[in-house]
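Participant: Chain residues, written in single-letter form:
2 protein chains.
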Amino acid sequence: MSALAVGLALAVPAQAQDAAAIIGAEKARDAALQENIALDYVTQLTTRFGPRPAGSASETAAAEWAAGYMRDHGFRNVRIQEFPLVGWDRGEESAAIVGTNAQPLVVAALGHSPATPDGGLEAEVVRFSTLEAFQAVPDGSLAGKIAYVDAGQLVPMQTGAGYGPLTRIRGAGPALAGQKGAVAFIMRSVGSDEHRMPHTGTTRYVNGVVPVPAFALSAPDADQLSRLISYGEPVRMRLSSTARTYQTTSRNVIGDLPGRMRPEEIIVLGSHMDSWDLGTGAIDDGAGGAITLAAARAIADQGRTERTIRVILFGAEEVAQPVDTGNGGGAYLRSLSPEDLANHVFTGESDFGADRVYALQLPVGAQTGVFADAANRVLYPIGVLRSSEPELDGGVDIGPIVQAGVPVFGLKQDGLRYFDLHHTADDTLDKIDPEQLSQNVAAWAGLVSLVANSDVDFRAMVPATPTP
Amino acid sequence: MSALAVGLALAVPAQAQDAAAIIGAEKARDAALQENIALDYVTQLTTRFGPRPAGSASETAAAEWAAGYMRDHGFRNVRIQEFPLVGWDRGEESAAIVGTNAQPLVVAALGHSPATPDGGLEAEVVRFSTLEAFQAVPDGSLAGKIAYVDAGQLVPMQTGAGYGPLTRIRGAGPALAGQKGAVAFIMRSVGSDEHRMPHTGTTRYVNGVVPVPAFALSAPDADQLSRLISYGEPVRMRLSSTARTYQTTSRNVIGDLPGRMRPEEIIVLGSHMDSWDLGTGAIDDGAGGAITLAAARAIADQGRTERTIRVILFGAEEVAQPVDTGNGGGAYLRSLSPEDLANHVFTGESDFGADRVYALQLPVGAQTGVFADAANRVLYPIGVLRSSEPELDGGVDIGPIVQAGVPVFGLKQDGLRYFDLHHTADDTLDKIDPEQLSQNVAAWAGLVSLVANSDVDFRAMVPATPTP
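Chain order of the listed sequences is A and B. Take this note's numbering: the final residue in the first sequence is number 478, and no numbers are missing along the way. Take this note's numbering: the final residue in the second sequence is number 478, and no numbers are missing along the way.
It should be emphasised that the hints constitute simulated quantities derived from the structure, not laboratory data. Each hint should be verified, as a subset may be incorrect.
Unchecked claim - Stretch by stretch, here's where chain A covers chain B in the computed footprint (C-beta under 8 Å, at least three residues):
1. 47–58
2. 237–243
3. 455–463
Here a beta-carbon is modelled for each residue, glycine too, at the ideal position from N, C-alpha and C.
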């Protein structure tokens, strides 16, 4: 902490819009550009523990280690909050075209997909190029078939907006397949790359289970299968999976940097510790923990803040089984008393990789005014623009507390290459660009420093019922 | 065939340097830029048959199909030349770090690697950062260990020159591991990408076998393992493979476009039909067959050539087991009488992907002079420069006939991204750029047209013993 920063902080009653708070935020921002905790954390996390599926021994070990990492970096009241969930183990899986054009294909089962019968299943593939075409066939009409939806590649967008339309297919596909009588569901991966890297992900449960074995094909494999089907002869596939579910626990790791003036007022910075099993969860979401931890540390290094900064590494973000209770965000919300919850003054989530932040989204009601102006002043110099769109939900981890009324900000990250890697084996440390990671930490440090040294009541600014 | 081309060809005794031959070559070149046989061939080949390991049912079926494709496209005397070899089936394989940092790693066994004991083997990993350091340890000193060489990433070069130094490790590693007492050999993939795509490939045999189970790690996995070892604690791995060898046959597919004046004089255009088992062999080497077939067809479409153009789709290029007799190039050479061989006037091989041709290499003795000038005139307009380096060996497929005295040309392809994909699951059709493929076909069509309508005796130009 510089003497100057202390002097200014003491001299002026802090408000976000105050010059002292802005200067402090600029210092935190600039310190973050020089720090190396973020890269160290995500390097160690991904190297030591590899993939960290929710409820796995690896996630548990990583959570213990991360708690120690937080303590070593000055976090207080570091604790691990355990909760039960249904885990899922992928086991062994394979896929192949059989018959005249026999050849292996690369697939990955979707999360909580059930096993195939022992030895696999074999059936003819029926292709649909839209979800709507699949929905339109009569119930039972695909009896004994494999339903295949190939609706094309995800369109890369800075905002990541290409993801939504395709996740509808991933969500609805297995249930529809069951309804239509199909023995399995396969789809082109929800992804923007052209590598033999299938993208896994969750789907919708029916009565608590995924109704039929469900797999994503890598993009080149989807190309291949669709092309072969276009040649006009029936295509049969063999699919095999030994996936299984099991009862386990996941956990949230929580650490605070207590405020000195209003420690009961809490800013929650969220991200998740669990990852899919295929990669090592560097961009999804080791990076989020790295960014929030490092930003909090860079702020605290400038002096204790007025409010408390709470960093939470959530468990079980990628899955939620049971849907209502099996994820970390819900477990955290349930742990809060009404008073605690009312003292959650602001929250944000980092769960979109490690590329640069390009825009700040504030909640409805707080998008203009002195706080927004101050934030713009701190963030514009590092390339973060003021967005005209409000932040609405934040993400899966903080979603439950946001739904419960906590105001939410969004530091929007460049998503152009995020869906090349997302939920694949290729989500590994080497995909993180250290320079963009630093900018990202700086954006978080700048904004959160402003909030933490402010007495702005965001709840009072935000309408009681957020505009949808 | 245009009337003009015929008229010119008949009017002037053809020599490569003649205006008529140059005009014919330019026509063939420009026709090739418009053709679409190359993309059609490689699309159908890779889609219908997928991976085509030497001696597999898939390679056999692909060869039958390709023979039909040649016949359908006007090739004469299309024939399949069978030869025996020891095939290799990868089976199932897996790798994992065990103990405190337990996590799966992505590996691929090297060709003809033996199986591990049932249930796999488990041992401590000893890392070397150079082949020399590995060579330097005493024999027997790695008893019970896994020897690991991580000498860094392949340096991408337009020429592909980064490949050679690292293949020394792949070649020598398993034998050295055996000599040092290690139970297995692992190495960073010989590749330039950062994807979870291990690069397989051949290694050296000792008494006809690969001495210990041998695997390539993908680059991110090699990064991960080396980083974990750098943390200082012993790292143990479990390796498992059910690979096996089996007696089988491979085959060359041969088709001619017979010359009208000196049909006994043969120009051999080589490439290979077999592929590694991980990808579908689009760039290695479906593209080579596509380029040579389409170039020959584009030339013949301008009128019959004076000499015969022979396109050979070789079998078993990726492996050679037994080393002396188990590959297609050797089988072809053995099938030739001394007279046949003496009538092989020129040869070239396309086995370096589907990106553009940037340089022509001619054999020592033929690098300058009227033929070289004519070739330059035909190729320069499509971006192919005259190289100051002589072509020496051509490649694995035509190597045996080149060693037996057949002059060889080289149309050098851009290799900057070749080793991102080479010998991986990612070698798939989508990696072929149709525009660069067309330029490639045009370069082949232009050059080979000149040679086929020439009476230049390249053997007479080339010194009896090629300069090494």
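Participant: For every hint, state whether the structure bears it out.
Facilitator: Hints and how they fare:
no.: 1; hint: 47–58; in the structure: holds (count 4)
no.: 2; hint: 237–243; in the structure: holds (count 3)
no.: 3; hint: 455–463; in the structure: violated (count 0)
When each numbered hint is compared with the structure, a violation occurs for hint 3 only.
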